[in-house]
Structures are given as C-alpha cells and as structure tokens.
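Fit chain Y with the ligands to the known structure of chain P by using the hints.
Residue numbers (our numbering), protein chains in the order written: chain P, 1 to 376; chain Y, 1 to 325.
Check each hint, because a few of them may be wrong.
[What the hints assert, rightly or not] The following label-pair restraints were derived from C-beta to C-beta distances: (1) P/Asp-31 to Y/Ala-137: 19 to 27 Å; (2) P/Asp-73 to Y/Lys-248: 36 to 44 Å; (3) Y/Ala-43 to P/Ser-135: 16 to 24 Å; (4) P/Thr-121 to Y/Phe-100: 38 to 46 Å; (5) Y/Thr-155 to P/Asp-82: 56 to 64 Å; (6) Y/Gln-321 to P/Thr-121: 39 to 47 Å.
Since the hints were derived computationally from the structure, they do not count as laboratory data.
Ideal placement from N, C-alpha and C gives every residue a C-beta, glycine not left out.
What follows is the residue order along each chain.
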Amino acid sequence: MNAVVGAGVETGQKGPAPYVRIERLTKRFGDFVAVRQVSLEIQRGEIFCLLGGSGCGKTTLLRMLAGFETPTDGAIFIDGVDVTQVPPYERPVNMMFQSYALFPHMTVAQNVAFGLKQDGTARGEIESRVQEMLSLVQLNGYEKRKPHQLSGGQRQRVALARALVKRPKLLLLDEPLGALDKKLREHTQFELVNLQEKLGVTFVIVTHDQEEAMTLASRIGVMRAGEILQVGTPADIYEFPNSRFVADFIGSVNMVEGRLIEDEPDHVRIECAQLGAIVYVDHGVSSPPDAPVSVAIRPEKIQLSRERPEQTDNVLQGVIAGIAYLGNATRYLVRLPTGFLLRVTAPNVFRHEERLEPDERVWLHWHSSSPVVVTR
Amino acid sequence: MAALALLLTGGGDAVSVSAPAGTRLAGRFAAIRGALGRRAVIALPYAWLAVFFLVPFLIVLKIAFSNIQLSMPPVEPVMVWTADHVLQLRLHFSNFTFVFGDELYLAAFVNSLQVAGVSTLFALLIGYPMAYGIARAPGAWRNILFLLVVLPFFTSFLLRVYAWMGLLGRSGPINALLMQLGIIHEPVQLLQTDFAVYLGMVYSYLPFMVLPLYSAIEKLDLTLLEAAADLGCRPAKAFFMITLPLTKEGIFAGCLLVFIPAVGEYVIPALLGGPDTLMIGRVVWDEFFGNRDWPVASALAIVLLVILAGFVLLLQRVQAQEGEA
Ligand SMILES: Nc1ncnc2c1ncn2[C@@H]1O[C@H](COP(=O)(O)OP(=O)(O)OP(=O)(O)O)[C@@H](O)[C@H]1O
Ligand SMILES: [Mg+2]
Numbered sequence: 001m002n003a004v005v006g007a008g009v010e011t012g013q014k015g016p017a018p019y020v021r022i023e024r025l026t027k028r029f030g031d032f033v034a035v036r037q038v039s040l041e042i043q044r045g046e047i048f049c050l051l052g053g054s055g056c057g058k059t060t061l062l063r064m065l066a067g068f069e070t071p072t073d074g075a076i077f078i079d080g081v082d083v084t085q086v087p088p089y090e091r092p093v094n095m096m097f098q099s100y101a102l103f104p105h106m107t108v109a110q111n112v113a114f115g116l117k118q119d120g121t122a123r124g125e126i127e128s129r130v131q132e133m134l135s136l137v138q139l140n141g142y143e144k145r146k147p148h149q150l151s152g153g154q155r156q157r158v159a160l161a162r163a164l165v166k167r168p169k170l171l172l173l174d175e176p177l178g179a180l181d182k183k184l185r186e187h188t189q190f191e192l193v194n195l196q197e198k199l200g201v202t203f204v205i206v207t208h209d210q211e212e213a214m215t216l217a218s219r220i221g222v223m224r225a226g227e228i229l230q231v232g233t234p235a236d237i238y239e240f241p242n243s244r245f246v247a248d249f250i251g252s253v254n255m256v257e258g259r260l261i262e263d264e265p266d267h268v269r270i271e272c273a274q275l276g277a278i279v280y281v282d283h284g285v286s287s288p289p290d291a292p293v294s295v296a297i298r299p300e301k302i303q304l305s306r307e308r309p310e311q312t313d314n315v316l317q318g319v320i321a322g323i324a325y326l327g328n329a330t331r332y333l334v335r336l337p338t339g340f341l342l343r344v345t346a347p348n349v350f351r352h353e354e355r356l357e358p359d360e361r362v363w364l365h366w367h368s369s370s371p372v373v374v375t376r
Numbered sequence: 001m002a003a004l005a006l007l008l009t010g011g012g013d014a015v016s017v018s019a020p021a022g023t024r025l026a027g028r029f030a031a032i033r034g035a036l037g038r039r040a041v042i043a044l045p046y047a048w049l050a051v052f053f054l055v056p057f058l059i060v061l062k063i064a065f066s067n068i069q070l071s072m073p074p075v076e077p078v079m080v081w082t083a084d085h086v087l088q089l090r091l092h093f094s095n096f097t098f099v100f101g102d103e104l105y106l107a108a109f110v111n112s113l114q115v116a117g118v119s120t121l122f123a124l125l126i127g128y129p130m131a132y133g134i135a136r137a138p139g140a141w142r143n144i145l146f147l148l149v150v151l152p153f154f155t156s157f158l159l160r161v162y163a164w165m166g167l168l169g170r171s172g173p174i175n176a177l178l179m180q181l182g183i184i185h186e187p188v189q190l191l192q193t194d195f196a197v198y199l200g201m202v203y204s205y206l207p208f209m210v211l212p213l214y215s216a217i218e219k220l221d222l223t224l225l226e227a228a229a230d231l232g233c234r235p236a237k238a239f240f241m242i243t244l245p246l247t248k249e250g251i252f253a254g255c256l257l258v259f260i261p262a263v264g265e266y267v268i269p270a271l272l273g274g275p276d277t278l279m280i281g282r283v284v285w286d287e288f289f290g291n292r293d294w295p296v297a298s299a300l301a302i303v304l305l306v307i308l309a310g311f312v313l314l315l316q317r318v319q320a321q322e323g324e325a
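This is chain Y alone, in the form it adopts within the complex:
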C-alpha cells in the first residue's frame, strides 16, 4: 500500500522546475525510471512474503472459520453461491469457542510456552558463554569453533533427534556409562521424559542462539572494557555493566529465534517426550491427521500465531523504548 502511494506521488520531485523543456523531460524520464527500479527492488521481497507467507496464512485463516465435512478437502467452503444468486459468506466461530472452551488445549498452550521458555533460558545460559568464547578466541580458532557450531546443520534434523533416542535409551551409552561409574545400579528412564524434551530442544536450537549472540559480542568494542577497568571496574562487574547491555540486541534476537520455533515444535516432543507430554504442535498434528478436523487444527494454529506475534511486538516495543531513553 505504502509503496503504491509513493509510486503515485513520488518521482517528480527530483526534477527542477526551472530547467529547459528538453532536459526537464529527460530528467523526468530518468527520475521515473530510477523510481520504478527502486520500487521493483523493494517490491521483490514483498512479493515473496505475499506468495509464501500471506497466501498460505489466508488459506489457514479461511479453514479456521470453516466447518468440518466429509469431502476432500474435509471442510465446507466459506463462500457459497446459492441457488437464488446470493453470495453467502459463512464464518464459523465455533472452532475458536471450542478451542478456548476445552481445558486440554489451554493446558497444551501453557505447557508449550513453558517448555519453550525454559528451553530458551537454558539455550541462553549455555549459548552466551559459548558465543563469548568463540568471539574472543584467537583468529584461526574462531573459524574452527564457528564451523563446529554450524556443523550439525549438515545432517538431517530428524536424524539427529533419532540419534538422541539411541543415546538416551535404556540400553544406550548414557545409561551404560552411569552404571559403569556406579552412579546407578539399573538403567533409568531417560527417554520419554520431560528431561529428554528439554535436552532435545536445547540441543537442536542452540546454534540459533549462538549465532546472533556471537555477532553481537564480536562487534563489541574492547576498548570499552579497558575504559571500564581504567575507571576502577573489575572484569566481572564490567561484564554486567558493559558487555551484557551492549549485546542485548543479540540476546533478544537469539531468544526469539529459539522461542518461536520451540513453541510450535512437533518432532522433539513426539520422539523424545512421553505420551503425556502435551504440546501444541502435537495437538495440531493429532487434530489434523488423527481427527481430520482441519478447522480446529487451523484455529489452534491461528491462536498460536497471535500469541507469538504478541510476544514479538511486546519485545519490539520494549527495545524501542530502551533505544529512546
């Protein structure tokens, strides 16, 4: 919308009024062409977002207001052209009232947010020292360590989660090692516990935490720490007074990158969690494939999206306020 309005009003202001007619025309032409080129460049990512994000979202939104029916796809159309030439728009809010009315869904939401929140916290606590170490490592080491962080991406995500199943199993190496060391006498249940879910989450999303943190810490001007020391600030205190506040952007970015996919995560709780690990991603999956209830699944997805968008906006608001102050 904004781009369109600019296109209609802009462009001409680059042309000076007093110029002779010939150059004025040429100038106007060049200005319009330049403006079009610029707009085209800006329009490309918008077009991408529209096709691959907005359209699918609208489809999901449409399904969320639809009703279940035995057909393929298993939903009623939202817009109907009736026999007496009336375009009928029928929006079923029942899916949403159903979602909000059922305590199971509420519990799934709360549990998902909690698991994602705790996982994000642990990823931050582990990721920050990692990122700090990499950013402060001598040149040659830095590249190697950096490579090690992204190395897991070279194998399939699913495969890595399966690997954890093997590691955590009753006869897996972790139980074997604990027994060897005499810490336990018979294998303990590690798989299909909340512990396994947290472990999988932190493991899988750690790189998304480390990368933005690394770039923030690496950018930090070290003379600021020297200045702090010069003014009598001990290194540990300088970390909290200088390093931490100046890498806040990286912390925000890393937390969002971990938290958002973690809330909707399906694979990790499904493979590592127990039958009673209730997470929203799994509920959506069950509604969609188990119950073939596309509208309720879509309504759940929309609610999740609204919650997450709320989080992002809140964080942005906080950040903007701090930037001003």
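Excised from the complex, chain P in its bound form:
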C-alpha cells in the first residue's frame, strides 16, 4: 500500500521483542466501531504518540491499554504477558488522566502516596518516595495542599507524580498538556522528555496537537476513524506520508490531483490539471498506470524567484496573491494561470531582504525529490 518505495517502509528485520504488542484490537460501542483492527508494537523506553482528530478513537485505545475498556476483539501483550482480560488494578501500567482525576479530599502528598499504599509499601518508604517524586516535579512544600488550592500546571504535575511514583514500566498519558497555555506547554513537553529519559519509562501519549507529537515522540501513530494509518518517526511521517490524510494532517501541504503518464522504476511523470503542468518525481511509484494519484508538495519545499530558474522540470509561473509575514518565515499565496492557489513558505534569512510584492509575477520551482505521490 505504501506508495513511496524504499522509504518509511518496515525493513522486516526483527529488533528486540516489543514491550507492548497490540494485535488486531477492535472496540465496538453497539454498532459503532471506535477502534478497528489496530496492530501496534511499542519498544521499551519509547515515547509513542497517538495522533489523530477528535473522535478517532485515541482515548478508547489508551483506555483499553489501561484496562478500563474491554476489547471486543484482539489482544494486548505487555512484556510478553497477555493482559487483555486483566483488571486495571492488576496491570503494571499507570495512567495520567486528561482531567488529572486528582482525589479532591486528599492532600497532594496523600494523592501521590495513594498508589504505594495500595501495594502495602512500608510507611517510611512511602514517605521517602513521595518526597522524591515531589522534588522531581518541583512541588516540594506543597504536600499539605488540597488539589483545589493548586494552579492548573501544579495539578498537572501532581497527576504526573502520582502516575510515576509506582515506577510503572508503561505510562499512559491522555492529552497531558491539554489544559496548559502555550508557554507552559512547551516547558512541560521539555520536562516530560527529560523525565522519560531519566526514568526509562515507556510513554504512550495521546494528543491531537501535531506539533506536540513531533516534539515529544520517538514514533508517531496517526489515527483516523478507529484505524492506524501510518506509524513512523516524526520525520518519516512528515517527509513520507503514506496517504492523503496523513500528508494533510501533519503540517501544511499543497495537495493536487494527477494522473500517471510515465511510470519508470527511477522516475515518474504526473499530469496535474490543477497546476497546468507535468510534475516530474525522481522516484518510482507502485501504482497501476493511468491510476488517479495525489501529489503532495510542502510549502517550504517550493522556491520563488524573480528570474527564470535553470532547471527545466517542475517550473511554474504565477502571481503573488497574498503575503503573510510570520517573523521567522514569510508565507505566500501564489495564483497559477489555472487559478489554483499554491502555498509557499520562504525563510527570512536576511534582515534587509528584498521581499516579493503583491501582484508580482514570480517563478516557482522545486526539486524533483520533493513531491510525495500518494495513491489513497
């Protein structure tokens, strides 16, 4: 199914045994299929991000890992043990809830100690481990506060401490940073990665914020309508999306329809009516000839110039229809003779750059390795 040959495809060689293995997991609510035939392998010490739009089944998948939902079909293995039917209170897994779910009638220290008390840990050890956790999340001195006496960011850190204090091998986080403002969010993302490295815990993080996923994840699983469309490193997902949805969902992209007119193992030519041109791509595509395909070109991979570029393939002309200055880059909207609008992003390298003006005629070109051809 993968349209791009030799990139982002499983090489087939076996690494170490996966820490979490999910096999054909399905969850139905009545007639509605919330999670459909999901298979996944997550390695020890990974930060795995589940990314997808609202209602695509991320939380449901996570809740099945935690044991709050019973799968309709399929199995979950943690460290080689089938835990599909194990109740949540017996799983070696802890979860940080989207709403934090702190116990309102307990103090910060009691909240953090709760999990250890369930295991019958000795009092002295509980105290020292709670202290250790609280200093890890920088909440010393807040032991006696109740959750309602804390700020949102502090509550979030208590929730994290409570989930980590039992030293789980697997930590599930459901939109852990959803309630935080942008600055605090970025700071906490950094802290989370630090913590993860320090403790060696495997993280599975649910988010619908693609930037967050790119920042945190060692690998990302993109979900849509209960299915996992693609799994890969952030760079894989961004540079080699395997479908229109993934290309569109991650980052910004120009998506045009096309038809394969020349299909060689080392290059293809695609006729794109919307561009009024033929796109030359320097890698092969595994698709039947004449099949409809989509070509995805990232805005930052298109270059603008006043002079005609030297290359002959992948050159277009257009008129600047809109300019947005973003500080680090400038975003242009270029109208092609066909009327199609292309998004182009150009970095602002020099302070006194001579910028393009609205209504100016420009040349556009891109490298023949830049377009991604997707067949679904």
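Using the frame of chain P, we list chain Y with the ligands on its own:
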C-alpha cells in the same frame, strides 16, 4: 440586622469620586436602586422565615414561661399591666424544672433519640445502596427508579401508615404468608411493637435519605474511581476510600433530614407502637390535648428544639473542620 447595617453603609462605594456631578448623581441613584433591589431579594426569604418560623417559635416560648389557668387559651398572660400602672413580666421557670425533674420525660427524650438514631442508621444502610443503584443505572432506568422513590409522596402519609397497620395485623398478609410458609404456626404480634415503629419510621423517611444521597453520588466523577483502580485499588476498597468520603455531604444531609423529624414523630409511634412506646412527640400531644397543660407541652417542645439545634450545630462544626483540614 446584618442586612440593615449593609443598607446604611453600602451602596455608595460603587460610585467613583472623580466622575462629573451629573453622572455621579445618576450613578449614585443607580447604585442605590441596585442595592435596594438586591436587599429586597435577600429580605424575602428572611421575611418568610420570620413570619412562619420565628413568630410561632416566640409564641411557643412565651407559653413555655407561662402558667396554666382555666381559660381560653388555657394559659396566664406573661405580661400584665397592673392596676398601679406597672408592666409586669412574669416568667415561670417551673415548667422547665418540672420537665427536667420528671424521669418520665427524660426517658421519653432518650427513647425518642434512640428510636430516631436507629431508624436513621437503618435508613442510611438501606438508602445508600438504593441511591447508588439509581445513580449508576442506565439513563432511562434512572428516571423510572427515581419516580418510584418519590411515588409514595403522592398518597397521604397517614394513609400509608394505616396501610402498614393492615399489613402487620394478626390476620394481615404478613402473618398469613409466614404461616403458609410454615415458619410460624400461629399469628405473631407484629403491630404495636418496637419493630413496627422502626419499620414505619424507616419506611416513611427513606425517601428523605435517598434523595440527597442520590444527588451526591450522581455528582461523583467516575474517572476518580478509574484513577483509583489504575493505582492498584480494588473496587471494594475504592468505595471506602473514594466514594464514601466524597459523598459525605449527602450522608450528613440525608441523616439530618431523617433524624430531625423522626425524633419528634407522633403519628408512627401512636399508630404502630404499643401503649408503652414512649416518645416525646406522643408526650407533647398528651400534655397538650389530654392534660390541657400548654406550658409543659411548650417547655418540652423548646427542650427538644434546643437538643436538635445542638445536633445540627455540632454536625456543621465537624463538617467545617473537615473542609479546612
Ligand atoms: N462509552 C462509549 N459509548 C459509545 N461511544 C463511545 C464511547 N466512548 C467513546 N465512544 C465513541 O468512540 C469514538 C472515539 O472516542 P474517543 O474518546 O476514543 O476519541 P478521541 O480520539 O479520544 O477524541 P478526542 O480527541 O476528542 O478526545 C467517538 O466517536 C465516541 O463518540
Ligand atoms: Mg480523547
């Protein structure tokens, strides 16, 4: 008092000093009108309480310090305007010394508190699982179950207690069923026993227990229980560590709503209890209608009120302390 003081001092602070005279005047007017409106809204429930609670209470209090006399009403006036133009206030404390001196009254108080306490406990033990079941029932069922709890209120309370008399009688269906099953061979005395009183109490006051409990349990965030399970807490333990403490307010409210009317209950012990079921409500009734001794009846009522108010204050104090800690 507080409202009055606010009225005298408040209102003006909403007006800025630097504003020009015209707007300042208009602003002041608007502020005063707003303040008056707000106070009127607050005053309404106070007025209601004053007319329907405070005034009757003061009348009872007055009678409690009065003396019995053959007239209508059968009490001496407390304040007398004597022939030599003296306003005399005569307070008879004898009613209270009489009440505290007689062991019968003391026993009635103790017995009432005990019956009410035990009934409250049973209502809680039965009501909590009921409320829990309703709160956790699927949507459509919840409304039906809720309706079933309040359904008894659609018929008269008296009628329902009479119905129990029929059910518990020697030839009633309960005795008949027990005999059919061969558990007993001749009818047993169910009516006019303490058992019947407890049964009637729990039956009658159960809805008052279930309703506040239901609203407390229904409010409970279920993810807290998931969080507890996630941290290794078994469901049964989670109930005692999470659910119970977080529905404490509902338990307090339900217990007060059952306990307070149960202490002064008259109808249930009178109809279902035996001749030796001694409860304060019945004693007050007897003093009032049997002996026509309004002052002693009133003194009993005042003592009861003080005891119950003490209970409520104590509970509030406990609750406030727990909220702080
Ligand atoms: N208990 C349930 N009963 C019925 N449908 C449910 C239930 N829980 C979830 N669903 C449905 O399953 C789908 C997936 O829900 P889920 O909560 O997993 O979404 P999500 O990906 O976490 O979305 P979001 O980003 O908005 O949190 C949704 O369409 C939702 O309506
Ligand atoms: Mg979700």
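Query raised in the report: So the hint says 16 to 24 Å: do the beta-carbon atoms of Y/Ala-43 and P/Ser-135 match that?
Result: violated (54 Å)
Report task. Hint says 36 to 44 Å; check whether the CB-CB distance for P/Asp-73 and Y/Lys-248 agrees. Result -> holds (42 Å)
Requested in this report: Indicate whether the distance between the beta carbons of P/Asp-31 and Y/Ala-137 respects the range 19 to 27 Å.
Outcome: Given a distance of about 23 Å, which is inside 19 to 27 Å, the answer is holds.
Report task. Indicate whether the distance between the beta carbons of Y/Thr-155 and P/Asp-82 respects the range 56 to 64 Å. Result -> Hint holds: Cβ distance 57 Å, inside 56 to 64 Å.
Query raised in the report: Regarding P/Thr-121 and Y/Phe-100, is the given constraint of 38 to 46 Å on their beta-carbon distance met?
Result: This hint is violated: roughly 56 Å between Cβ atoms.
Query raised in the report: At the C-beta level, are Y/Gln-321 and P/Thr-121 separated by a distance inside 39 to 47 Å?
Result: violated (30 Å)
Of the numbered hints listed earlier, those contradicted by the structure are 3, 4, 6.
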